[in-house]
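2 protein chains.
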Amino acid sequence: MSDRIFNFSAGPSMMPQSVLEKAAAQMVNYEGSGMSVMEMSHRSKVYDGIINNTEAALRRVMGIPDNYKVLFMQGGATMQFSAVPLNLMVTGKADYAVTGNFAKNAMKEAKKFGEVHIAASSEDRNFAYIPKQDQINADPNADYFHICANNTIFGTEWNYIPELGNVPLVADMSSNILSRPVDVSKYGVIYAGAQKNMGPAGMAVVIVREDLLGHYRENMPVLLDYKLMADKGSMYNTPPTYAIYMLGLMLEWIEGLGGLTEMEKLNIKKSQLLYDYLDSTDFYVAVADKDSRSRMNVTFNTGNAELDAAFVKASVEAGMSNLKGHRLVGGMRASIYNAMPIEGIEKLIGFMQEFEKKNK
Amino acid sequence: MSDRIFNFSAGPSMMPQSVLEKAAAQMVNYEGSGMSVMEMSHRSKVYDGIINNTEAALRRVMGIPDNYKVLFMQGGATMQFSAVPLNLMVTGKADYAVTGNFAKNAMKEAKKFGEVHIAASSEDRNFAYIPKQDQINADPNADYFHICANNTIFGTEWNYIPELGNVPLVADMSSNILSRPVDVSKYGVIYAGAQKNMGPAGMAVVIVREDLLGHYRENMPVLLDYKLMADKGSMYNTPPTYAIYMLGLMLEWIEGLGGLTEMEKLNIKKSQLLYDYLDSTDFYVAVADKDSRSRMNVTFNTGNAELDAAFVKASVEAGMSNLKGHRLVGGMRASIYNAMPIEGIEKLIGFMQEFEKKNK
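Sequence lines, in order, name chains A and B.
In this text, residue positions in the first sequence follow my numbering: the first is 1, and each later residue adds one.
In this text, residue positions in the second sequence follow my numbering: the first is 361, and each later residue adds one.
Note that these hints are calculated values from the structure, not bench results.
Mixed in with the good hints there might be a few duds.
Said to hold, decoys possible - With a Cα cut of at most 27 Å, we get these calculated DSSO-like pairs of lysine-lysine:
hint : chain 1 : residue 1 : chain 2 : residue 2
1    : B       : 405       : B       : 587
2    : A       : 313       : B       : 405
3    : B       : 625       : B       : 492
4    : A       : 93        : A       : 132
5    : A       : 227       : B       : 464
6    : A       : 111       : A       : 132
7    : A       : 45        : B       : 707
8    : B       : 592       : A       : 112
9    : B       : 464       : B       : 453
10   : B       : 471       : A       : 227
11   : B       : 382       : B       : 405
12   : B       : 587       : A       : 111
13   : B       : 471       : A       : 111
14   : B       : 650       : B       : 492
15   : B       : 592       : A       : 111
16   : A       : 93        : B       : 472
17   : B       : 382       : B       : 625
18   : A       : 232       : B       : 464
19   : B       : 453       : B       : 472
20   : A       : 347       : B       : 405
21   : A       : 104       : B       : 587
22   : A       : 108       : A       : 227
23   : A       : 112       : B       : 587
24   : B       : 546       : B       : 625
25   : A       : 347       : A       : 357
26   : B       : 546       : B       : 468
27   : B       : 673       : A       : 45
28   : A       : 132       : A       : 269
29   : B       : 472       : A       : 227
30   : A       : 227       : A       : 45
31   : B       : 592       : A       : 104
32   : A       : 112       : B       : 472
33   : B       : 453       : A       : 112
34   : A       : 111       : A       : 227
35   : A       : 93        : A       : 111
36   : A       : 357       : A       : 269
37   : B       : 472       : A       : 108
38   : A       : 108       : B       : 592
Model the full assembly from the supplied sequences, consistent with the hints where possible.
Written out as structure tokens, the structure is:
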């Protein structure tokens, strides 16, 4: 299928062609079951195999310790903005690091349910950086400390794990999960909307340390209760069965490439190619501070809004989609998740060079 | 693909083979866009076309009046058990008709958020019937009156619309939506989990009368707010993009068959074949009262639990899956949603006759 394009969308985003081809081949009849995965009872033996294999693969790939539960939930990361405080605010106060738009939305949502303290922020420079450890003012008695591990819109990424003593660290990893190895044991909760590195939109994966379960707020919507979801194997009601299956295919692809260590190498290589080029020219400006740069979302501009618009227009004509930056930053953004091949990066850089030559 | 089986699952459930084949064909490259629907930014022009066409098709097929909003939400019907009281309990009290397991779950969830009055119940005979109008004790001042339009587990269906004066009627139509024409104007809210007649699991469709919007409870999870979802075109966050696309394909299939009037004729024919056979023999007993029978879920048994188990086992060997009844009823259940072809019914009846002959 040579007419596929390079899709730089921030999410939903590019998926490996081999994964899509396998999904297509299995669509009408999954492994001789006589039915599509979409048609399967979530309580059937064949579907049990699918969800159990997906969870086992995620545990293998991420090295999730046994004292963590894996939950497949609905509503994306935004629903987790509500679920986190409702499950974890035991004494009623939490710390938030505000490093971007979604980090801020998470913080605002938590305010509905308790006392929220902004323990770090990079809003002073339009979120162009990640605060350093000594810029964090953490409350040692907070119920948890929340970060957004990768800021899709601004192109920044936490490149260290903040030291917080005994306060559980909660991370929204929607846009960088599965892009690099993670020491899960350093986190209380990791959650991620699926639609970047995990498959189609419509699911959030939650990885939660067992000792944090059992404190869900009374008289709140039943489906956001982590303990209930853990006790029911994510099947209190019908889970997003097809999204779970697709995550299984995505994990199979990652394992085939050699797991997260290899995936990280590829992502370093891909992002470095782009950043190296950006650093080599004065025509383009990289938005994020060097030490805070994201491997997943590369934000840049020409310093001229008209020229930026011309760049985006011409890039579409050249077979690359969704390079327009978010309105909160302007300019351009190349989202280069796991499934973006190196050829896509090379094509983009070639295009950028051409554009520079023509417009310098 | 002749090795497909007849899948009598209560949900997720059978889908038309032509729909699955189209999804497979479009999986890697949707209509020359160069990408899968799964990979599309939900804010792109091509995806705009998909979601808008899906909503327009639903409005055409169901005849949804202009003063109703259509919302695509996540969390299935169970999330709506929470969302309905949170959006509609303005004075703080609601009526519930308890006609089965999910109706009861909806009622229990609403109790978290206000005063709940059981206005009708069929629990006295294990939910084998739908209460008649004169068995309903409705509160004229309730904020709404909630029914479960089709009770999947027990095999009963509301075959009339209760008369409630000005109290908005709210219906969970998860298991019979799109199976028959519905006069939407008689309802305040219709909602349905997708995984029976609307496509894969992971979505709920909500059809809500505009004048009921704007009363969402303060300090509750942001994503359950009907008004917010209406104002944002179901895109406050990333919606379940692929499920919405699949619903579009399902609606295209229904329109190709002639719409809900023709669909109802087929469903009457299919269910009548089964009920006629059940009524013609003493070997099998139909569970639901005649006037309350569901066209979607046909519950029956032999009166002998061992024989029921043998029936289920033999039916699997004969290429029919998921005929085992729910544990709350026992016996057998044939879920025969829109996508179950008449050949599946004929095969089931042939098998039932054989089984009767052998075991009488």
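Subject >> Restraint check for residue 650 of chain B with residue 492 of chain B, where alpha carbons must lie at most 27 Å apart >> reply: holds (13 Å)
**OP:** Below or equal to 27 Å on CA atoms is what counts here, so check residue 112 of chain A against residue 472 of chain B.
**Re:** The hint holds at about 18 Å.
Original post:
Has the given pair, residue 453 of chain B with residue 472 of chain B, been kept, meaning a C-alpha gap of at most 27 Å?
Top reply: Measuring from Cα to Cα gives roughly 11 Å; hence the hint holds.
Original post:
Are residue 111 of chain A and residue 227 of chain A close enough, with their CA atoms no more than 27 Å apart?
Top reply: Answer holds: residue 111 of chain A to residue 227 of chain A is near 22 Å, not above 27 Å.
Subject >> Restraint status (C-alpha distance of residue 347 of chain A to residue 405 of chain B at most 27 Å) >> reply: holds (23 Å)
Original post:
Taking only the CA atoms, is the gap from residue 93 of chain A to residue 472 of chain B under or equal to 27 Å?
Top reply: holds (24 Å)
Original post:
Are the Cα positions of residue 93 of chain A and residue 132 of chain A separated by 27 Å at most?
Top reply: OK: residue 93 of chain A and residue 132 of chain A at ~23 Å, within 27 Å.
**OP:** Mind checking the alpha carbons of residue 673 of chain B and residue 45 of chain A for me, to see if they're no more than 27 Å apart?
**Re:** Status holds; Cα separation ~14 Å.
Original post:
Given the hint that residue 546 of chain B pairs with residue 468 of chain B, does the C-alpha gap stay at or below 27 Å?
Top reply: holds (25 Å)
**OP:** Sort out whether residue 587 of chain B lies within 27 Å of residue 104 of chain A, counting only the CA atoms.
**Re:** holds (22 Å)
Original post:
Are residue 625 of chain B and residue 492 of chain B close enough, with their CA atoms no more than 27 Å apart?
Top reply: holds (24 Å)
Subject >> Hinted pair residue 313 of chain A and residue 405 of chain B, Cα distance within 27 Å >> reply: Between residue 313 of chain A and residue 405 of chain B the Cα gap is close to 14 Å, so the pair holds against 27 Å.
Every hint from the earlier list agrees with this structure, and none is contradicted.
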